[in-house]
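Use these hints to put chain A onto chain Z, whose structure you have.
Number of protein chains: 2
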Amino acid sequence: MNGFTFYSPTYFVFGQDEENNVGHYVRRFGGSRVLLHYGGGSVVRSGLLERVKKSLERESISYVELGGVKPNPRSGLVYEGISLCRKEHVDFVLAVGGGSTIDSSKAIAAGTVYEGDFWDYYQGKPIEKALPVGTVLTIAAAGSEGSPDSVITNEDGMYKRGATGEGIRPAFSILNPALTQTLSPFQTACGITDIMAHLFERYFTNTQDVEVTDRLIEGLLLTMIHQAPKVIADPNDYQARANIMWAGMMAHNNCCGVGREQDWSSHDIEHELSAVYDCAHGAGLAVVFPAWMDYTMEHDVMRFAQLATRVWGCHMDFAHPEQTAKAGITALRKFLKSIGMPGTLHELGAGEDKIQEMAHKACYGDGRSGHIGGFVPLYEEDVSRIFRLMI
Amino acid sequence: MNGFTFYSPTYFVFGQDEENNVGHYVRRFGGSRVLLHYGGGSVVRSGLLERVKKSLERESISYVELGGVKPNPRSGLVYEGISLCRKEHVDFVLAVGGGSTIDSSKAIAAGTVYEGDFWDYYQGKPIEKALPVGTVLTIAAAGSEGSPDSVITNEDGMYKRGATGEGIRPAFSILNPALTQTLSPFQTACGITDIMAHLFERYFTNTQDVEVTDRLIEGLLLTMIHQAPKVIADPNDYQARANIMWAGMMAHNNCCGVGREQDWSSHDIEHELSAVYDCAHGAGLAVVFPAWMDYTMEHDVMRFAQLATRVWGCHMDFAHPEQTAKAGITALRKFLKSIGMPGTLHELGAGEDKIQEMAHKACYGDGRSGHIGGFVPLYEEDVSRIFRLMI
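Protein chains in written order, with the working numbering: chain Z, 1 to 391; chain A, 1 to 391.
Honestly, the hints are just simulated from the structure, not real lab data. Computed from a prediction, not measured in an experiment: that's the story for all the values here. Beta carbons: idealized from backbone N, C-alpha and C, even for Gly. Don't take every hint at face value.
Said to hold, decoys possible - Here are a few chain A residues that sit away from chain Z, every Cβ distance over 12 Å (derived from the structure):
hint	residue
1	H89
2	A233
3	E357
Unchecked claim - Ranges between beta-carbon positions, derived for each pair:
hint	chain 1	residue 1	chain 2	residue 2	range
4	A	T5	Z	R45	24 to 30 Å
5	A	N20	Z	G157	40 to 46 Å
6	Z	R33	A	D156	49 to 55 Å
7	A	P126	Z	G76	45 to 51 Å
Bound conformation, chain Z alone (with noise of 0.2 Å):
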């Protein structure tokens, strides 16, 4: 177990119609002039957004809009974000959404009290200054409700990057449960495949003696596994969304993930590809993880083992642990494929002739230097090879 920091210091409200009380959180962070950020349709054809401003007006905290966030958030839509906040004189940032326009949220907050180029942030520059952000969460996903990062695709050149920082920290999340209960199961299931890559991310590594953080990490994936079939039945399952929804939180704001060497490679390969073709996240990482799994699986076989046993409730095979590591590795495929989720690059909707300049950009391309990856560095040629298991 390695030494880390660790610092969460978002305040959490959770449950039923917690969205009514927004107004009052903004105004107990600091909030007086607001910018309220969200997507499309959703927020607006639920209502969610009329009761949002409905709750800052009762608080007589005043607001700017800008709606408009797409799934990978584009850098255009931050720039005119930040635009607006200068020029409205915003001093909190509220996002109704999900991670895209958390995403998008933090890195307006961030861009607004930075004299450069935002982007600056998003090539390994730490975000310590930004406005307030607060968000209203309609998706278990991302965990941008409780984590220090955002991602975002810079539109000159369709390079998806990620930024971190204590600065980008909520100061609050209101998650209530029942709001995701009008995502469509393929949302839901993107959502539920996210949580899980975020929490693989962080149990393939290479520092020993890491047991508090494994089981942490495996206590969630045994709820996400147990969880998640009952939503996908039944889209109205408060409780499981509730308990997706806390797991999403956990999964992310590092708690579970201290003090060990995470890997992360799964994110950056994804990332090509939905800055390509501009597939949903969770979809592309169900369709990279069990090929990730497959190529660096031997460089740990018995990490593999552990994970098939303690969280799929696979046979160790003492005499060949690597089948039993097998095992896991295609009990999550058929998890997967269960939920609803994509397989391979076609049924993703994503060709083979991008393959080679993917695996540059993943390992070369906006300042990297030549591999990615912390469990298994991968260079340009095993990127390569991992996409081609996908075909």
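For chain A alone, kept in the frame of chain Z given last:
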């Protein structure tokens, strides 16, 4: 799963030698005039107090000292600390020690800025305001380094009572597992028992659909059961100490206890024991918890059976689940004995003559209304019976 709020803004710094940076963190969190609060000789003998002072001096932070905190910390020293802080214009309380020192520091920090008697907080008034508190932790046990709680014994009547409130969450906590290597096996085992008790108090609930927190608690218990024998066998096992230390924080900052009713009657019962016999809190819990389990098992046999199978590795007896439930309690008793904990009142150094008095005080003392506990409400006669199961 119930609605809840969760707010844990403590900055955790984890790893070797981090106590040498304490001055930096005091400065970061607004301290310039510090009360340095600690217990007896061990922090002096080990040189820890000297290292802490040097770090403060390097940052030109002035301090006044108040040592002498005892296990089951007393109100007398709290009053003394409050007077000292007011007289010396202290703006930050730094605890160097374990749960007792941290709890005493929290009481002083709250009392200093409160016009009334600090004991009001220990009779149910939530603590909203306090001087900022920092901690350098020397034992993994109470979880006070990450919790909004404090327990103090009032010398006027020997009532041991808890206070809670966001005002006393530590601003920062320094967790260096190496500092716990000098603890005796008995102290270490008391800490382990306390951590596990914090998990049990949360695990036994009547709230339905709480898989995510069940699984997290189970993961932490599995960690404790696996790591505890290592530190008992080798007190210098840094890695086992590290796993236990993070588990101890996670067990009690409540991220694994949100959204569910909790119990806490075993703590209430133990508080009577340690108020009267001044026994170590962890040792008291080792005697109380199995007896409490015997007494309450029938209330929810399946929950006990779940714990037995998932955590203690017992085989589920589907025809007789109560046998599995009992096997889990037996496994707990065996485990506690294996790490050197007492199993009876006699082994704890407590007598039988005060049972009725303690049972009465637990249920009625200091403003309580006649019963304790959330899983099974316990009245005076129940508590008395539970005490008799400890003979």
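Taking the hints in turn, this is what the structure says about them:
1. No Cβ of chain Z approaches the Cβ of H89(A) within 12 Å, the least distance being about 27 Å, so the stated non-interface status holds.
2. Chain Z leaves A233(A) outside its interface by the beta-carbon criterion, the shortest separation being 15 Å against a cut-off of 12 Å.
3. For E357(A), the condition that its CB be more than 12 Å from all CB atoms of chain Z holds, with the nearest at approximately 40 Å.
4. Checking the proposed 24 to 30 Å range against T5(A) and R45(Z) shows it holds: the Cβ atoms sit about 29 Å from each other.
5. At about 45 Å, the CB distance of N20(A) to G157(Z) agrees with the hint of 40 to 46 Å.
6. Distance hint check for R33(Z) and D156(A): the Cβ-Cβ separation is about 52 Å, which falls inside the suggested range of 49 to 55 Å.
7. A hinted range of 45 to 51 Å for the beta carbons of P126(A) and G76(Z) is consistent with their spacing of about 47 Å.
Checked against the numbered hints listed earlier, the structure breaks none of them; every hint is satisfied.
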